[in-house]
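Enquirer: Residue numbers (the UniProt record's numbering), protein chains in the order written: chain R, 1 to 772; chain G, 1 to 772.
Simulated from the structure, these hints should not be mistaken for laboratory data.
Once the Cα atoms are required to be at most 35 Å apart in a straight line, the calculated DSBU-like pairs of lysine-lysine come out as:
#, chain 1, residue 1, chain 2, residue 2
1, R, K470, R, K503
2, R, K523, G, K633
3, G, K523, G, K465
4, G, K523, R, K696
5, R, K633, G, K633
6, G, K152, G, K124
7, G, K251, G, K124
8, G, K696, R, K523
9, G, K523, R, K633
Protein chains: 2
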Amino acid sequence: MMQGKMQFILRRSIQLSLGALLLAAPMTGQSVSTQKTVTKPTVDYTHNVDPFIGVDWGGNTFVGSAIPYGLVKIGPDMETFDGRRSGFGYSSNGNILGFSHLHLSGAQGKYGNILVAPVTGPLKLDDIRTPRTDEVNQVGYYAAKLTRYQVKAELTSSRRVGFHRYVFPASKQSHLTINVAAALGLGNDWQAQKFLGAEIHLTSNHEAQGVARFIGGWNRGGEYKVYYYMVLDTPAEATQTWTGSTLSDAKDATVGNSTPIGATFDYTTKANQAIQAKVGISFISAEQAKQNVQQEVPAWNFATIHAAAKALWNTELAKLSLTGENDSQRHQLYSAMYHVMLMPTDRTGENPGWKSNEPYYDDFYCIWDTFRTSSPLLTMISPDRQRDIIRSLIDIYRHTGYMPDARSGNDNGRTQGGSNANVVVADAFVKGLKGIDFETAFAAMVHDAEVPPADPQKQGRGGLKDYNQKGYVTLASERAGSRTAEYSYDDFAIAEVACGLGKTKEAALYSSRTHNFANLWDKDMTVEGFRGFMRPRNPDGSWAAPYVVVRGTWPDFFYEGDIWTYSIYAPQDMRRLIELAGGNEAFVRRLDWTFLRRHFDVTNEPGFMLPVLYNYAGRPDKTADIVHMTLEKAFTDTRAGIPGNDDSGAMSSWLIFSTLGIFPVAGQDVYLISTPSIPDASLSLGNGKKFRIVAKNLDGDGLNRYVQSATLNGVDLPNAWFRHAQIKDGATLVLTMGPAPSAWGTVTPPPSMSDADFHSCVDWKLQNHASE
Amino acid sequence: MMQGKMQFILRRSIQLSLGALLLAAPMTGQSVSTQKTVTKPTVDYTHNVDPFIGVDWGGNTFVGSAIPYGLVKIGPDMETFDGRRSGFGYSSNGNILGFSHLHLSGAQGKYGNILVAPVTGPLKLDDIRTPRTDEVNQVGYYAAKLTRYQVKAELTSSRRVGFHRYVFPASKQSHLTINVAAALGLGNDWQAQKFLGAEIHLTSNHEAQGVARFIGGWNRGGEYKVYYYMVLDTPAEATQTWTGSTLSDAKDATVGNSTPIGATFDYTTKANQAIQAKVGISFISAEQAKQNVQQEVPAWNFATIHAAAKALWNTELAKLSLTGENDSQRHQLYSAMYHVMLMPTDRTGENPGWKSNEPYYDDFYCIWDTFRTSSPLLTMISPDRQRDIIRSLIDIYRHTGYMPDARSGNDNGRTQGGSNANVVVADAFVKGLKGIDFETAFAAMVHDAEVPPADPQKQGRGGLKDYNQKGYVTLASERAGSRTAEYSYDDFAIAEVACGLGKTKEAALYSSRTHNFANLWDKDMTVEGFRGFMRPRNPDGSWAAPYVVVRGTWPDFFYEGDIWTYSIYAPQDMRRLIELAGGNEAFVRRLDWTFLRRHFDVTNEPGFMLPVLYNYAGRPDKTADIVHMTLEKAFTDTRAGIPGNDDSGAMSSWLIFSTLGIFPVAGQDVYLISTPSIPDASLSLGNGKKFRIVAKNLDGDGLNRYVQSATLNGVDLPNAWFRHAQIKDGATLVLTMGPAPSAWGTVTPPPSMSDADFHSCVDWKLQNHASE
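Produce the complete structure using the sequences and hints provided.
Expert: Structure below.
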């Protein structure tokens, strides 16, 4: 551990010597993920990103400017058609209400704080909305013409500072307003945010600062305080504050309830007069918000900050390189990279909860979504970032008692299913990530597995007592089916780390629990002509009453997946599950049926692995069919290009892996091979090495989607899977494609717990992954 | 021919000696289909029928009372939500406008004529609509409470007469109105009906008669005249007629344009006073309409007419018997039988176009829909009815020049695709139906194949010149792809009949054309990873410009089907088509993909055969999967129980065959075996024999949906198909079912033109099917 800490301190000193380009990067503390590799890229990848991909059809992707993992995500907040304030932050239609500084991406139900809006003409506090035209969103840059006011708005940002530029028309009544009571999804329903009160202080004719307090939102988190410091490049002719609907000359205003509050800087503007504003955000203090401005954006050069943001993105985007892709694929994949790296939020130095030298990340929204593909992607291509994220999870455990399943607004909640941070830790562990205190991580995992939480919606494992006593969660707890399936896999993750750390007793204990998913398997339950499904048990152990058709499952037995999805979810032991389902042939028929009947839903994460499960039954050709179909059917490079909520980039990372033709078994050192859609693609591995995937004979029509043969680093690869150890020092996977299924990949399935080589810690091939 | 005619005359004399029960049956001329087997059934099957199945979600099934194939279909016409008059005749919501006498089933866009409606209180001619409650529809019976007027309405019918009974409340202003200007879907669009004018004559205080003239509608037919005669059991205190919005004491009214016209019989009613009305319909004259009433419904006994209608239906419904079915299956299948037998309409004796002693049927709406399953069903279980229908088609050819592809309102039109009456004739021919002049039928088929029609929307083969000169229809004609595929199959039908009739020269000619479908096969066209598809050719023979994504095909290249559906449509030569598609394995993958990607649409007839095509590639297990899925997914016993337009019963007959586990290859003497869903089912064959299908080991869950072995009449049946000759004298097919695919049915595919045994007429096994 101390070694890791010193590394951070050392790196910080390096960082402080960097120039203006890096002022937008993390300035305080220990989060230094991108520093090692920061060199000015010679290629600009950012033009491949279209931030609008996924904004429609519920993709919920962020519109505005942010650096990778940026704390500040500045963008427009919208009024929706029906007059309600959007809970989503952005819609293709609707009026703009202003530009606020905190947003999610691929998620909704939180933030939208500190809303800045220009106005010309009479200032109507309750009606500032304006249509917009000429909307532009590029990496680190947003612009629109606000037609009601004839103002052009431009935004860029550094990690904790939003940079606004407004070009006004000639007007004797020009205003720059700051609304500190605003937030997205305010209201009274149980998932709504609530505004609790705020302060605003006009410390000069071009400065405002204060704090705004909120509570609730999707994660039902506790109070979060947003400190802000706003500074303008042009002194105002007059300033006013408001509370309620009353403007006042007072320089200070405070409300302790939901009363509107804000301020306006008033000007007489000439035609095309630009007024700029920098708004620093902090979760510590208004003073720190001011420091953030001074450190990150010391000058008034919009272009410099925009260029710095682009440079940081180029460093991240350069980790993917493509050859032979089409335009749509290029736009989709780089936009996916962008979307993956908007979340979680790097709040290092901005943790109001406790003092620590560890990195601090927030907006795990939520790990239940991201552990399956986003985490393995970062483990592969951004191991230092993933190290920091996991260190942050461990630090949250230290100070809150649990690693979160979800967290936002500096508070844990709301759990979706299992304690899937366990899998995130195991994924990093079995892939050999350095710089993580795996002993403490292990303690956190065991805590998850042994200590029932007071509020299972907030953190920890709901129904844990049942699970640990009976081997399954009963109907006494919600989501009993998905929890049982996921806890079994979480326990597998714990067993892996126990093995690697030499804790043989714990390894044996948690290994024994990895089979618990089978305790809910009713071998006689028959649905749609298939026999054997997960079925709820009552608290007394008896099977629940017969299947009731409510969204294809018992009410609240599974979460975001039906009986088909969860009954084939056991990545730790697909061999056993296939035996339960009747053997390879019956399992293949069941999978066929699952896809044929649309039981597979790529927009919900529990189904993410379904297409590649054919590999476990010797039918990688069918994996190819489904992956190929899903990519073609569900993803495009348009505003509706993501088929559902991007879920903090989970969908986007699924897209990246699936387009490249591999799929990670999260939490295991295993990747499955599906079908590449691009002739030649590489991923940087964070150690200067690359993993390259070459698909020979690929055609643009998807005809040659079947792997005929494969080599890895020139050596014949007969299997439709490989291990992380085989690529971690750089590798080239060459797949020869053809128009018909072949014998390739049909013999040796990917590893399962029931396989001989999973029976002991020694054989788990974890010997190289000891803790530091 | 003369022999057939004498048979009819003989039968007529038998018919005339039958009693009151048969007064509802055809009374004039030669249509005697049901007479031979009319005996009072001991079992009432009619309670298994729910006429409401299919009324929602566009099933368009008829609501009201009709006998099998009845000319009069009396039922409610509805106002829709938005105030428009429904084009569909019925909706679950909306006000009732009255009860009219002509309707379609599983179709829309025609009729709704001679609208009778009771009214109490002031008579507002432009607002007679009323909500209803307590709606009941049973076989031959409809009832509803009309809440605005507090009148209970009941309906029953014979072939050409609607019988109304209205129970009034106490009222000094009770009216029974007859609106002769009414029709469904009036308007100005190109598919609208138009009212041209009418006469009404009040010949007494309880009688009205006249004619109403209409034109257009879905089939864009010429003018049709509906003659009517209305008689009431209660003399009115006063009568009035109206034209426009003006009521008058005049006993006669005439309009020669679209002016409203009608009459009212006015009463003072006591509480619960019943007033009954009989309305005879004729297409010949008002006098004949009156005779129809006198012959079919001589008395005022509503119950007798209702019982007669039920008896006729029981005769038809008794042709299906089920054992071990569940309630839903029973309701679905008998309702399907009912829906199949509502169309076409037996108008024997009511043909205004020409005098003939042949049967006369109308409302082929359209044969393009029904030739695939409805015709083979009738050929099997109602051969005498099918004989009459085909005789009618031949007679229409004699007098209009073409057998229709569609016909309604006594006029041919509007063609959908090929001249599929050819297949209907061949289906009857190869299955040995007697009493049909196949020489004239053959002349009609050749006429279809050789003489381009003046208006291909009305009748005949569009693009025929191209087709016969080049071997394919070019893009110069609409629906070039579907027409080419269908003409190829139509020509196969002609070749079959030519063979059977000993016309070897014609057999050779039309045999050679059966391969024309392959002339549009572009072996290099690749879509979604599959190679080889039908592709349009320009008039100069070159391939059309690349695939444009408009509903999955080129605009107007295919009709009600996409490139996937039509590119695997060649029932005459699946062997050749499978070779084009790359062989059995590739074909199975293509079919898998077709279903996976939802290119299969059971609601459009071109896809009807897709599920059973696996049988041609040795995979009857996959046929079982898809049939099983489609039944479960698409059909229920509810108002929304038919997944799309019933298309005159085409969907319903697909449902019957698919539930029983067999499927006819229309126009061939071949049935394919899919997967039965009922343990024991029999179909009467019209000759006193039955075809029984026994499924051993069937479970209610669809688990044992795979045939393991089969016997036909006790003899091992290794193939997943059999010939009509094997069952025509009665047969029992025993299928032993199991939970996993077996080797059964995988070796010898169903016959194809490219098979050796299709190469000569002698080998077509048609030797028993010589013409009379």
